[in-house]
Structure formats: structure tokens, C-alpha cells
Amino acid sequence: MRRTDPSPTATDERPVLARVPRPARLAGYALLIGFALLYALPFLVQLSTSFKTDPEAASNPLSLLPQAPTTAVFEQLTGSGDTGKDVPFLRWLSNSALVTVVVTLGRVLFDSAAGYALARLRFRGRAVLVTFVIAVMAVPPVVLLIPKFLVLNTLGIFDTYTGMIVPLLFDAAGIFIMKQFFESIPREVEEAARIDGAGVGRIFWYVVLPMSRPALITVTLLSFQGSWNEFTHFLVATQSSDYETLTTGLARFVSGGLGAGTQYPLKLGAALLSTIPVAVLFFCFQRYFIRGANAGSVK
Amino acid sequence: MSTSVTERPAPPPLPRRPGRPGRPGSRTTRGREGLWGWLFVSPMVLGLGLFMALPILMAAWVSLLNWDGQSNPFTPDADFVGLQNYQSLLAEDGLARSLLATSLRNNLYYVLLTVPLQTGLALTLAIIVNQRMLRGRSMLRTTFYFPSVTSSIAVCTVFLFLFQGSGAVNQLLSWVGVKGPNWFQDSRGVLWVLLDALGIVDGKPGGVLAEHTMMGLPFSEWLAGPSVAMCTLIVLAVWTTSGTFMLIFLAALQDIPRELEEAAALDGAGRRHILRHVLLPALRPVMFLVTTLGLIGTWQVFDQVYVLGQGEPANTTLTPAFLSYSYGFDNAEFGQGAAISFILLGIVLLMTGVQRWFLRERGARNPLAKLRKGARGAQD
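Same order as they appear, the protein sequences are chains X and L. Each residue of the first sequence is one higher than the last, beginning at 3 in my numbering. Each residue of the second sequence is one higher than the last, beginning at 224 in my numbering.
No lab work stands behind these hints, which were simulated from the structure alone. Keep in mind that the hints are not guaranteed to be accurate.
Under 8 Å between C-beta atoms, here's a sample of chain L residues computed to sit facing chain X [to be verified]:
(1) 257
(2) 275
(3) 369
(4) 530
(5) 564
Here are the simulated SDA-like cross-link-like pairs (lysine to any residue), alpha carbons at most 25 Å apart as the crow flies [said to hold, decoys possible]:
(6) 402/L - 66/X
(7) 402/L - 58/X
(8) 402/L - 64/X
(9) 402/L - 46/X
(10) 402/L - 537/L
(11) 402/L - 414/L
(12) 402/L - 458/L
(13) 402/L - 421/L
(14) 402/L - 44/X
(15) 402/L - 61/X
(16) 402/L - 57/X
(17) 402/L - 41/X
(18) 402/L - 420/L
(19) 402/L - 422/L
(20) 402/L - 417/L
(21) 402/L - 419/L
(22) 402/L - 45/X
(23) 402/L - 40/X
(24) 402/L - 56/X
(25) 402/L - 461/L
(26) 402/L - 413/L
(27) 402/L - 416/L
(28) 402/L - 62/X
(29) 402/L - 448/L
(30) 402/L - 60/X
(31) 402/L - 65/X
(32) 402/L - 164/X
(33) 402/L - 36/X
(34) 402/L - 39/X
(35) 402/L - 392/L
(36) 402/L - 264/X
Ideal Cβ placement from N, Cα and C applies to all residues, glycine included.
I would like the entire structure built from these sequences, with the hints used as guidance.
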């Protein structure tokens, strides 16, 4: 397997080549800081704008320090302000949280069970199933917009939590990640447990899963991020505003022609709050995200 | 049921032979393993079959219907129209065909600009972040990767604000004396804007280019390039995807044996020489992987279109994915929408096929073969 964690610690730090001459080095650093600003600036502008008033956001969109910082946006979003509740942010938040938690738990369970069976258990039809999983990964999600609506509509779960959650529970990429991981575990461990008389279920639950922490964490994080950021599925699976999530709610709010060009502090504040959970996870577990990004290339 | 293709009955558990409890490899264990195997995969088979395979079959049927989303399309009363939906999209002169042509034109330019830019930028960033002497490498890596993990809708919201007519981007441009366009309202194709600025074409070319059409769209439209509004989507795509691709390049860079670089340096090769004759040849398989992943991804652009333009201005941000959605959910012409889905599926599967075929041909699983070639190149 390729080494996926590009952390510098493992490599020898001794330089191969002489250091770059000083002027070139400084120019390089300047360029690099320019690049880094390009990537960071939009988020900084977003942060500062959510503390501005509407007129200031319009007249001075670039300044990073609000002249008269206000938390009005966040009071309005969390419902503690008195400016009406045209943005049902808390409902979006609770819908997103509910769906994400259930989907993440379900995916970890189903992905690891299916991944283990495909990696280790010998049964008829396994090879066909592996091909099936790989084929499913190749199906582009946006092609399924209308098809998914058809199935949900036919099953009578359109515009319900069931319709939002159940189709997301099955995820070919996660199964593949788990399968790859289980294949890297030495077989001897399971053999030993088997000789001690443990059955497949016990081996999986008490021997294999506890050894699989890194892969389980990766799949958990990817599932959380995936379902928290999911947009297209909720767009075609729901209709009523009761089921709006942070993504569908925000998308309808900001893309609507009526309020275009106004209320930017509110819009950016809502977007900011909706980013925080994934951002926190990302900063805490960065190396697992990196592993996940590279797992995409093993497909 | 679509799952029937893959769903075979599990072999029955074999009777236990006396005196031989389930030893590893014995037939009893095998039989029980088969049961467990199917128990473990059955949720997946059911779920993926029900929500991935079945939808495709149902949509294939609906793409042959004239269906408004109200009645049950799976009864004999359904209004079966055969290949009519495909015909009006591909062969007959009319609104459907010119909309599809416009969306294909838009997406093609989006792909042509996004893929090289994101690949090039990702490679540059990876090479920079891979420098061993660089300070703050991990912080830089985090900064470049962060846009890739955030929600596309949240990021689009930020871009809506940044690229407004009087927004932050135009304010930045005004500092260097450029008057920025009204990004989201500007439907002019950038090629004509450029040629107009150079004084070669006045506004939009007329004459031959405007008179002759392909798929109901004049050549002056086909050649116009992405609209100014589409350019914001391209910038957004490059900005959000380059971080992910940078990580893929970075992993590949760290797989290159250090001895190779050291040997080249001892032979007197300079930095530039090593980059060109050692690193880049070794990265070629990954480069191909990233390019095809980019091709597959960019043909599916949807979220950004939904938030930033919904096809506007003048249909210049319309893409096949959004057109399909809009036919179904805005116009209640689900048959037509499903037909567009299948055309898009064809395009994406073609890209995937090219990727799979090339990876097999080139032996990308064995980057060392490339390395050796690269090392030979460095000696030349």
C-alpha cells in the first residue's frame, strides 16, 4: 500500500541540495504567502462580514475589521434577537444534526460489516459483489437526481426523514476503504481466535473491529463530512421547508432572486456557523482527512 | 428487482461432521462463513441495489415516457413515447436541443479551463509544500486543503458576496486600476470580450459565424468561450478542488525514493534538472489519475450552478446536470429530464472508461517502472 500520511517526521531531514540563495528564497516565501492569502482570505472576509451591519458590508466589503462590530446576525440566527425569524436556522441545524448522526452511525456499521465480508469471508458471489461495489462508485451522483426522486416517490418516502436518511446509509466508497484496511490486517490474529473457538461474529466484533480504529475513524469523519455537506440528495428527497437542512435551506435562501444582493452579513453568518462543525473536526483529525482524500485515488 | 443480478442464494450450511469441530479451513467453517458473509453484505446489497441500481433502471423507463411526476409511471396507462425525448434533445430543431447544446457548450469550456488549472495549481502547491527546508509546511498544507472540506453551499455563499458588482474582488481590482465586470450578470463570452478589447472583433462576430449552426446553436455561440459569469464558477472550482489534488500529488511525491534525488544531485544535477527529469516523470501516472478525476468531477458541476446562477445570465451557466434537474423539478417534464441524465451518464462513463483503460495500459500501479525511466532520462 502506498504511504498516505505525508508527514515530514518519517523522512530524513538532511538536505540533498545546497540551500537556495537568499534572494530567491525570500521571493519564494513572498509568493507562497500570496498563495496562502488567496486560500485564506475568503474565509477571513466571511468572518469579518458576519460581524458587520448591512450598510457596512455593502460599502466596505473587503475590510477585515468591522468598524462597529455587532453580533446581531448571530442573535437573529439563534432566535434570541427580536428581528423576526425569516431564517429558521435552528430548524436547519437540528435537521442536519439528526440526519448526520444517524447516517454516520449507520454507515460505520454497514461499511465495516460489508468491507469485512468482502475482504475476508469466503462465500459464493463475493467476486461479483466486489465488482458491483466498484461499478457503483463509478456512477456519478448528479445523474441520479431524477432517478432517486422516482424511487423515493414510488416507495412513498418522498419528503420524509426516512427518505433523507436511508439512501445515504449505503456508501460504496466507505465499504471500499474498510475492505482495503481489513486486507492489510495479518490473518494470523483471526486464525488464533478461531482456534480458540470464536465464531465469525465474535471475531469481527471483539478482534477485528478494535484493531481497526484508524480506518473506523476515517470512515466516521468522511461520513460526517459527507452527510453534513450533502446537498443534492436532500434537494430531490424533500419539498417542504420542515425538512430543510443547513445546505438546502441556505441554498434556497441565498439563491432566491428576491433578496439577492442584500442581507449579506446574515447569509455569511449562517454559512459560517454551518461550516464550524466540520472545520473543528478537520483541525482535530487532519491526518485522517488526508488519508480519506488519498483513498479516493485508490479507486 | 435489480438486485437479482447479484443476489444469489447462500449455500446451505453443511452438516457438522462428528468429532471435527470448526477447524480453520474445514468445510463446516466454510459453510458457516458463507452464511455470515451474506449476513454481513445483505444490508449493503439491498441498499445499493435499491438506491443506486434500481433508480437507474426506473429512470431508463421514465426517459421513454412523457411523465409529469403526478401519476404512477409504472402502470400500462403511462404515456409511452419511445425515443421521442432523446430525439427532441439530439435530432430535432427546437428549444430542447438548443438548451442541451448550450449546456454542453458551457460545461465543455468549464472542463477545458478548470481541469488544467486545478491540476497545474495542485502540482505546484504539492511541490512547494514538499520542500524539506520549508518552514510552516503543515500549516500551509492545512490552508490549501481547507476549502476542499467545507460545504459547497457555504463556500458558494462566500463567493456570491466576493464577486458582487461592488464586491471585494472588484474593489481589489480597482486598486490596480482595473474596472471589474458585474460578474454574475455578464453573459458575454470571454473570447469575444478579449478580441473586442484587442480591437479585432466589434462586440460579437456576425456573418458566417452567426448564420451557421450546430445542434441549433450558432457557431458564434459555440466559439464564444465561457461567459464572464461562468468564469466565477471556474475560479470557485479551482479554488475548492486544488487542495484535494495537492494531497494526492503530495503522497506520490513522498513515494519517490529519496536515493533517486540524492543520486541525481551527486551526479551534479541542479534543482530544475531534478524536477524535470526525476520528479515529473515519476509523477506522470498520478498526473493522469488527477486529470481524469478532474474530468469526471467537472462534468457533474451542479451545486455551484444552483447557488450562483441557476443557469442565468442568458443560460450561460446552464450545465447538463442542472438542465436535467430543472426539466424535472421546475417544468415537471421528468421524461425529458431523465433522458438528459442518461446523456450525461454516457459522457461521464466515457471519461471513467478512458481512465480505467489508461491506468491498466500504463501500469500505474507500478510507479517504479516510471522512476527507472526517469532516472535514465536524468543521465542523458
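How the hints compare with the structure:
1. 257: Holds. Min distance 4 Å.
2. 275: Since chain X brings a Cβ to about 5 Å from residue 275/L, closer than 8 Å, the hint holds.
3. 369: holds, 7 Å
4. 530: holds, 5 Å
5. 564: holds, 5 Å
6. 402/L - 66/X: Status holds; Cα separation ~22 Å.
7. 402/L - 58/X: holds, 21 Å
8. 402/L - 64/X: holds, 16 Å
9. 402/L - 46/X: At roughly 24 Å apart (the allowed maximum being 25 Å), residue 46/X and residue 402/L satisfy the hint.
10. 402/L - 537/L: holds, 22 Å
11. 402/L - 414/L: holds, 18 Å
12. 402/L - 458/L: With Cα atoms ~18 Å apart, residue 402/L and residue 458/L stay inside 25 Å; holds.
13. 402/L - 421/L: Within the cut-off at roughly 16 Å; holds.
14. 402/L - 44/X: holds, 20 Å
15. 402/L - 61/X: Between residue 402/L and residue 61/X the Cα gap is close to 17 Å, so the pair holds against 25 Å.
16. 402/L - 57/X: Given pair residue 402/L, residue 57/X holds - Cα atoms ~22 Å apart, limit 25 Å.
17. 402/L - 41/X: Holds, at about 23 Å.
18. 402/L - 420/L: holds, 13 Å
19. 402/L - 422/L: holds, 18 Å
20. 402/L - 417/L: holds, 15 Å
21. 402/L - 419/L: Within the cut-off at roughly 16 Å; holds.
22. 402/L - 45/X: Between residue 402/L and residue 45/X the Cα gap is close to 24 Å, so the pair holds against 25 Å.
23. 402/L - 40/X: holds, 20 Å
24. 402/L - 56/X: holds, 24 Å
25. 402/L - 461/L: holds, 23 Å
26. 402/L - 413/L: Cα-Cα ~15 Å, so holds.
27. 402/L - 416/L: With a Cα-Cα distance of about 14 Å, the restraint between residue 402/L and residue 416/L holds, given a limit of 25 Å.
28. 402/L - 62/X: Holds, at about 17 Å.
29. 402/L - 448/L: holds, 21 Å
30. 402/L - 60/X: Between residue 402/L and residue 60/X the Cα gap is close to 18 Å, so the pair holds against 25 Å.
31. 402/L - 65/X: With a Cα-Cα distance of about 19 Å, the restraint between residue 402/L and residue 65/X holds, given a limit of 25 Å.
32. 402/L - 164/X: violated, 51 Å
33. 402/L - 36/X: Given pair residue 402/L, residue 36/X holds - Cα atoms ~22 Å apart, limit 25 Å.
34. 402/L - 39/X: holds, 22 Å
35. 402/L - 392/L: Holds, at roughly 10 Å.
36. 402/L - 264/X: holds, 22 Å
Hint violations for this structure: number 32 only, all remaining hints satisfied.
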